[in-house]
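Chemist: Order-wise, the sequence lines are chains A and B. Under our numbering, the residue at position 297 of the first sequence is numbered 297, and the numbers go up by one with no gaps. Under our numbering, the residue at position 199 of the second sequence is numbered 199, and the numbers go up by one with no gaps.
Worth flagging that the hints you see were computed from the coordinates, not collected in a lab. Cβ coordinates follow ideal geometry from the N, Cα and C atoms, glycine included. There may be inaccurate statements among the hints.
To be verified - Sample of chain A residues facing chain B (criterion: CB under 8 Å; computed from the structure):
#	residue
1	Leu-7
2	Arg-69
3	Thr-259
4	Gly-268
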Amino acid sequence: MGIDRKLPIVQRCAEIVSGLDPSIVKVEISWGDGDSRVLIADLSGRLVYDERPTTRLYVTVTAERDGQRQTNRANIAARAGLDFYTEERLREVAQRAVDRTMILFEARRPPAGEMPVVLAAGASGILLHEAIGHGMEADFNRKRVSIYADMLNRQVAEPFVTIVDDGTLERERGALNVDDEGQEAGRTVLVENGRLVSYMHDGISARHYGVGLTGSGRRQSFRHVPMPRMRCTYMEAGPHTRDEIVASVERGILAETFTNGQVQIGAGDYTFYIKNGWLIEGGRLTAPIKDVNIIGTGPETLRRISMVADDAQLDTGGWTCGKRGQSVPVSLGIPTVLVSRLAVGGESAG
Amino acid sequence: MLAELRERAAHALELARRAGASDAWASASRSRGVEVEVRDGQIEKLQESTSRALSLRLYVDGRYGTFDTSDLRERELAGFVREAVAMTRALEPDPFRVIPDPALFEDRPAEDLELLDRSVLAIEADTRIAWCMEMSARARRHDRIVSATVSAGDSHSLVASASTNGFSGWHERTSISRGGNVTLQDEGDARPAGYHYVGGRHLADLPDAASVGDEALRQAARRLGATQGPTRRGLVVVEPRAAGRLVGLLLGPASARASASSAPSGAGASASACSRRACASPTTRSSRAPSARATTTARASARGASPIVEGGALRTIYVDTYYGRKIEAPPTTGGSSNLVIEPGTRPLDAIVADVREGLLVTGWLGGNSDATTGDFSLGLRGHLIEGGQVGAPVQEMNLTGNLLTLFAGLIEVGSDPWLYSSTRVPTLVFEDALFSGA
Chain A
1 MGIDRKLPIV
11 QRCAEIVSGL
21 DPSIVKVEIS
31 WGDGDSRVLI
41 ADLSGRLVYD
51 ERPTTRLYVT
61 VTAERDGQRQ
71 TNRANIAARA
81 GLDFYTEERL
91 REVAQRAVDR
101 TMILFEARRP
111 PAGEMPVVLA
121 AGASGILLHE
131 AIGHGMEADF
141 NRKRVSIYAD
151 MLNRQVAEPF
161 VTIVDDGTLE
171 RERGALNVDD
181 EGQEAGRTVL
191 VENGRLVSYM
201 HDGISARHYG
211 VGLTGSGRRQ
221 SFRHVPMPRM
231 RCTYMEAGPH
241 TRDEIVASVE
251 RGILAETFTN
261 GQVQIGAGDY
271 TFYIKNGWLI
281 EGGRLTAPIK
291 DVNIIGTGPE
301 TLRRISMVAD
311 DAQLDTGGWT
321 CGKRGQSVPV
331 SLGIPTVLVS
341 RLAVGGESAG
Chain B
1 MLAELRERAA
11 HALELARRAG
21 ASDAWASASR
31 SRGVEVEVRD
41 GQIEKLQEST
51 SRALSLRLYV
61 DGRYGTFDTS
71 DLRERELAGF
81 VREAVAMTRA
91 LEPDPFRVIP
101 DPALFEDRPA
111 EDLELLDRSV
121 LAIEADTRIA
131 WCMEMSARAR
141 RHDRIVSATV
151 SAGDSHSLVA
161 SASTNGFSGW
171 HERTSISRGG
181 NVTLQDEGDA
191 RPAGYHYVGG
201 RHLADLPDAA
211 SVGDEALRQA
221 ARRLGATQGP
231 TRRGLVVVEP
241 RAAGRLVGLL
251 LGPASARASA
261 SSAPSGAGAS
271 ASACSRRACA
281 SPTTRSSRAP
291 SARATTTARA
301 SARGASPIVE
311 GGALRTIYVD
321 TYYGRKIEAP
331 PTTGGSSNLV
341 IEPGTRPLDA
351 IVADVREGLL
361 VTGWLGGNSD
371 ATTGDFSLGL
381 RGHLIEGGQV
391 GAPVQEMNLT
401 GNLLTLFAGL
411 IEVGSDPWLY
421 SSTRVPTLVF
431 EDALFSGA
């Protein structure tokens with residue numbers, strides 16, 4: 001598909017963003033798309049073909065008020081073609097990028113230290129990806145270097161916590177028809193009603209554990225070796241509501257948007273970086289916050305998930321997961337969740 | 001091989017001209033990489049790859065585009081260049097995008113940067129495996145060992161470049177690395193890990209395999225029993241191998257490109273501090289392009305060492321030819337090549353011995369910074385320092401603040417730069433930093 005069909009979409013998005021606020025001084029729209037075609041043949045005679053389109057549009061906004069400058073971003077992604085970029089979607093991502101930028105002018109750092117953290121529905125699925133997902137990839141457990149290596153069939157969370165890694169969600173960035181070992185991509189329940197029930201497997205780990213394949217054997221390209229990877233990782237809806245969760249917090253934060261995360265598989269400690277959020281005081285959102293890192297250990301965080309709302313949603317943004325030098329597209333999602341205690345990298349001690 | 005690459009670059013320029021490009025810059029390359037990985041005494045990965053590629057920078061009717069391909073078959077290459085020129089024509093015109101002035105490369109230095117070590121080219125497969133086996137054996141000498149994965153790798157690349165306005169040049173370089181990651185069993189379910197990797201351009205610059213395995217194990221063992229540390233303001237000592245990240249975050253926005261990205265007439269957090277104090281006075285930083293045995297290659301327009309921060313004040317920013325035209329400043333270099341912090345007088349141990357109470361940072365986990373404001377928040381691992389001694393290991397902590405404020409509190413630079421990176425930073429000591437845990 002020629003650039004003559006893509007450029008108008010990028011230009012239209014820039015036009016929308018520029019018109020949304022007079023304090024915007026710079027707009028960057030970046031576009032990326034890929035069209036991967038994979039043919040897998042193995043010695044058993046299996047011959048499998050897959051087509052994997054990806055597309056992502058990234059909006060960066062810089063605004064200036066009273067000599068102060070702020071920059072923030074939003075993006076949308078899918079396994080889809082140009083029809084994905086409707087006027088409505090472009091307006092939505094443009095508005096989101098501008099809102100996230102403008103609120104930074106009022107935002108401050110929360111206090112530092114341990115406190116309750118409410119994770120907003122959608123992008124907060126990064127918690128599952130970093131704190132839990134990587135540790136449940138079976139290669140780390142087969143090698144016994146994951147903190148979850150001895151936890152299979154153990155109760156690891158409250159009974160209202162169910163976590164799934166699913167390759168079958170149509171058009172999601174992490175979705176696959178087949179994995180890179182030719183196995184049909186399925187739906188893998190990792191934590192069911194609080195009990196750890198399965199890892200994500202490639203062929204080697206499935207044989208090691210004597211279990212069925214989960215369709216999680218992925219690789220970046222023909223140059224790389226397949227290994228267990230996440231696809232679309234999400235938590236199912238729980239019994240609480242968002243309002244109940246926020247109202248239950250006397251002093252803590254709500255995390256809304258994120259830039260990145262990382263995990264130590266063996267020690268289990270993970271981080272993610274909050275770009276936008278809110279301070280919660282007396283059960284109410286009182287002030288916007290920005291630029292704080294959250295750090296915790298995966299199993300302890302699972303145990304501390306004390307409320308899960310009924311508003312499960314997948315993030316519309318595009319995420320890319322890196323592991324052992326390989327990058328693959330993934331999706332993530334979560335309902336509003338309360339973690340009773342996490343270390344917050346705030347700005348004042350106390 | 002060099003003659004073939006030069007011919008390929010020249011041919012690409014010809015194709016670009018025929019397709020309608022006003023100017024072009026082409027680089028043809030061949031690279032080879034080999035890696036051996038051993039887990040718990042058994043070979044887990046043997047990898048060798050060779051690739052050839054062509055990179056093109058095109059200037060077409062006042063527009064600019066960059067393109068890469070590894071499909072070098074004649075018919076496909078001609079089609080690729082035609083399509084590249086057509087795509088460039090679809091972009092917005094930009095009067096600042098013109099091919100670099102020949103004056104920038106006409107009398108460039110000809111000194112040998114020692115980027116090539118022929119002994120790396122002579123390494124045999126059995127030698128890499130033997131190094132790995134030795135590292136693995138040393139790294140596993142602990143009664144709580146869970147797993148040790150070690151690796152040894154090396155690479156070679158040859159690149160020839162040419163431009164339509166007279167540039168012709170080439171470089172050849174090697175790199176070699178070895179290291180390991182060790183996981184130990186702690187109390188409960190935790191399996192703390194530690195790593196040690198070293199790399200350079202010359203085989204002789206690397207420590208031997210046994211000592212690398214020993215150090216990887218020491219790094220893991222020092223994590224045993226880690227607990228969450230406290231929340232307070234105080235002295236933070238950052239080990240050399242961790243200190244590079246802080247300097248990278250500080251100077252990341254110190255480029256004309258970053259300035260232009262954050263605002264049309266503005267600058268990033270560091271760039272806006274140009275000629276202001278960027279850090280406390282004892283330190284001086286330099287970007288040294290053609291440093292002997294450099295880990296990265298000098299860029300074409302970079303000439304010698306240039307101070308980025310001097311006497312604690314930001315003296316210049318990275319300016320490439322494009323942004324140089326935009327901001328009407330002479331080009332320096334597009335980015336950091338080898339970033340060196342002038343060392344102080346004492347190594348880490350001597351510095352710690354004088355610390356009554358503080359935090360030693362041995363590594364980072366995640367975190368990020370805002371290039372526009374300089375605000376940052378990083379996850380960390382390390383140890384408490386008590387009475388001049390390195391104490392209990394800590395984890396689940398963050399270091400948070402603003403980079404300009406943090407570096408304004410830089411009170412000492414060690415004498416012990418980390419040698420296995422293009423950012424050579426010694427121990428850094430900051431006062432009044434905020435770290436948070438429980």
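Chemist: Does A/Thr-259 meet its interface restraint, that is, does its C-beta lie within less than 8 Å of any C-beta in chain B?
Modeler: holds (5 Å)
Chemist: With chain B as the partner, please determine if A/Leu-7 meets the hint condition of a C-beta pair closer than 8 Å.
Modeler: Status holds, d = 6 Å.
Chemist: Do the numbers back the hint for A/Gly-268, that is, is its least Cβ distance to chain B under 8 Å?
Modeler: Because about 6 Å separates A/Gly-268 from the closest Cβ in chain B, which is inside the 8 Å limit, the hint holds.
Chemist: Quick check on A/Arg-69 please, does its C-beta sit within 8 Å of some C-beta on chain B?
Modeler: With a minimum Cβ separation of about 5 Å from chain B (threshold 8 Å), the hint on A/Arg-69 holds.
Comparing the model with each numbered hint stated earlier shows that all of them hold.
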